[in-house]
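K.L.:
Okay, here's what each chain looks like letter by letter:
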Amino acid sequence: MSEIPASLPPHLHAIVAEFQAADRSEKLELLLEYADRLPPLPDWLRDNRADMEQVHECMTPVRAAAEVHGGRMVFHIDVAEESPTVRGYAALLREGLDGATPEAVLAIPGDFFYAMGLQQVLSPQRLNGISYLLAYLKRLATRALAHRGA
Amino acid sequence: MAGYAHPEVLVDTAWVADHLHDPKVRLVESNEDILLYDQGHIPGAVKIDWVADLNDPVVRDYLDRARFEQLMIARGISNDTTVVFYGDKHNWWATYALWVFKLFGHADARIMNGGRAKWIAEGRQLTREVPTYSPGVYHAPERDDTTIRAFRDQVLVHIRQPGTALVDVRSPQEYSGERTHMPEYPQEGTLRGGHIPTAVSIPWASAVHDDSTFKSADELRALYAGKNVTPDKDVISYCRIGERSSHTWFVLSYLLGYPKVRNYDGSWTEWGNGVGLPIEK
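Chains A and B, in that order, give the protein sequences.
Numbering-wise (our numbering), the first sequence opens with residue -3 and increments by one.
Numbering-wise (our numbering), the second sequence opens with residue 7 and increments by one.
Since the hints were derived computationally from the structure, they do not count as laboratory data.
One thing to keep in mind: the hints can contain errors.
[Claimed, not checked] With a Cα cut of at most 25 Å, we get these calculated SDA-like pairs of lysine to any residue: (1) K53(B) x T88(B); (2) K53(B) x A11(B); (3) K53(B) x F15(A); (4) K221(B) x G142(B); (5) K53(B) x L26(A); (6) K266(B) x T56(A); (7) K124(B) x T56(A); (8) K23(A) x V64(B); (9) K233(B) x H12(B); (10) K95(B) x D74(A); (11) K53(B) x R45(A); (12) K287(B) x K221(B); (13) K23(A) x T133(B); (14) K95(B) x V163(B); (15) K233(B) x Y139(B); (16) K124(B) x Q115(A); (17) K95(B) x F15(A); (18) K30(B) x G142(B); (19) K266(B) x L26(A).
[Said to hold, decoys possible] Chain B residues, not near chain A, derived (Cβ > 12 Å throughout): (20) N61; (21) R71; (22) R198.
Think of the CB as a built atom: it goes at the ideal place given N, C-alpha and C, for glycine as much as any other residue.
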């Protein structure tokens, strides 16, 4: 099993460790628990879904937006009800990155999730979603940095 | 369902609702998303996952006879059980699972027309309760790879023969070679874009309505005959890994009654990467 990258924000580090410690069936149960607790979009976004950008690389309709408060990021992610695997990815990234700085988000290695051991239970195709979602959240973090610079 | 060649292979959602407690019937949910069944399924349904349950873990192939028997016994399925498949994405993975069951000659395998989407759209009940059944009694023959399955060398001969048809059921962009994956799906590592020479393009989902139910026999006949895919021909369908094309195999074999239809499960991930294999754009 891959080691957990030291550069992960503390919340995400804890989530990765939680998955790493789980056995095969527990990993799927855990992912479903995350999917279940992906919060609905806040009102201001729910009424403006069209303004959120779609993560085009994802096989399921996924939309994401970011807010920055005092240099800390909060992500809002909308995933179709019928795609619990991607909802699970969205929820664990959202919780794991809550309150992280844009720099910390950008420092996450693109392959961090291998330490969770999800490849033991998910085919490569089914793992793609998490890479694409992270790449998209990084784009939002880059934009937040540019905005701060401007 | 009038006009279909084998209407008995389709059941509607109301039939399923009436047979939830029928011990002769086993509902099987097969989805693209591995967690969807766990999030909620039709009461009494069991899950069969295309990767975890139907693929061999070592060889790129399907499970063998012994593992198929074990799977049937574990899911409480016997040789005489009526197995009704349903799932997400217009039943695409449900028809794939049905095709694998037919490799082992399971007699009574059916599809719930409209799949998961229609069941939910009608406001019918879902549960997270995973049922347990007493073990099935199952004896399977060796897997028959000759009747409904095609291999790459057979396809290479097929495309040079008269009286054959080859159906590419992928998206128009995959067929043209503009891209090697479905629109909005990730790129999955095929070296070349395009299609197998002589193949005609009939995207798999052209066979269903927006509510995931199958189109009428007349509409389907016009769809395939319009591209010269007719019942007198030896037909092979393919896609990327053989899942979408099992949907078309089901339509041609059971709804239209074509006598000779095979699914080439190696499909574009094999052909597009295969050394020595010709392509067209």
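K.L.:
For every hint, state whether the structure bears it out.
P.N.:
Quick rundown of the hints versus the structure:
Proximity of K53(B) to T88(B) is assessed by CA-CA distance (about 15 Å); at most 25 Å being required, the pair is judged to hold. Of the pairs offered as hints, the one joining K53(B) and A11(B) is violated, with about 29 Å between alpha carbons and a cut-off of 25 Å exceeded. Proposed proximity of K53(B) and F15(A) is supported: the alpha carbons are some 23 Å apart, at most 25 Å. With a C-alpha separation of about 35 Å, the suggested pairing of K221(B) with G142(B) is violated against the 25 Å cut-off.
Under the criterion of a C-alpha separation no larger than 25 Å, the hint pairing K53(B) with L26(A) is consistent with the structure, at around 18 Å. For the proposed pair K266(B) and T56(A), the alpha carbon gap of about 35 Å is over 25 Å, so the pair is violated. Taking the CA atoms of K124(B) and T56(A), the gap is about 19 Å. The hint holds against a cut of 25 Å. The straight-line distance between the Cα atoms of K23(A) and V64(B) is roughly 22 Å, inside the 25 Å bound, and the hint therefore holds.
Simply put, K233(B) and H12(B) have alpha-carbon atoms about 23 Å apart, close enough for the 25 Å limit, and the pair holds. Using a Cα cut-off of 25 Å, the hinted pair K95(B) and D74(A) holds, with the two alpha carbons roughly 19 Å apart. Between K53(B) and R45(A) the alpha-carbon distance is near 33 Å, which puts this suggested pair outside the 25 Å criterion. The suggested pairing of K287(B) with K221(B) is violated, with an alpha-carbon distance near 29 Å, which exceeds 25 Å.
A distance of roughly 21 Å separates the Cα atoms of K23(A) and T133(B); the hinted pair therefore holds under the 25 Å criterion. Distance hint between K95(B) and V163(B) is unfulfilled; the C-alpha atoms sit about 33 Å from each other, more than 25 Å. Pair hint K233(B) plus Y139(B) does not hold up; C-alpha atoms about 46 Å apart against a cutoff of 25 Å. Pair hint K124(B) plus Q115(A) does not hold up; C-alpha atoms about 32 Å apart against a cutoff of 25 Å.
About 29 Å separates the Cα atoms of K95(B) and F15(A), which puts this hinted pair outside 25 Å; it is violated. For the suggested pair K30(B) and G142(B), the alpha carbons sit about 11 Å apart, so the restraint of at most 25 Å is met. Between K266(B) and L26(A), the direct Cα distance comes to roughly 45 Å. Violation of the 25 Å bound is thereby established for this hinted pair. With a closest Cβ-Cβ approach of about 9 Å to chain A, N61(B) is found to fall inside the 12 Å limit, against its non-interface label.
Every CB of chain A lies more than 12 Å from the CB of R71(B), the least distance being 23 Å, so the non-interface label holds. Every beta carbon of chain A lies more than 12 Å from that of R198(B), the smallest distance being close to 19 Å; the non-interface claim holds.
The structure is inconsistent with the numbered hints 2, 4, 6, 11, 12, 14, 15, 16, 17, 19, 20, although it conforms to all the rest.
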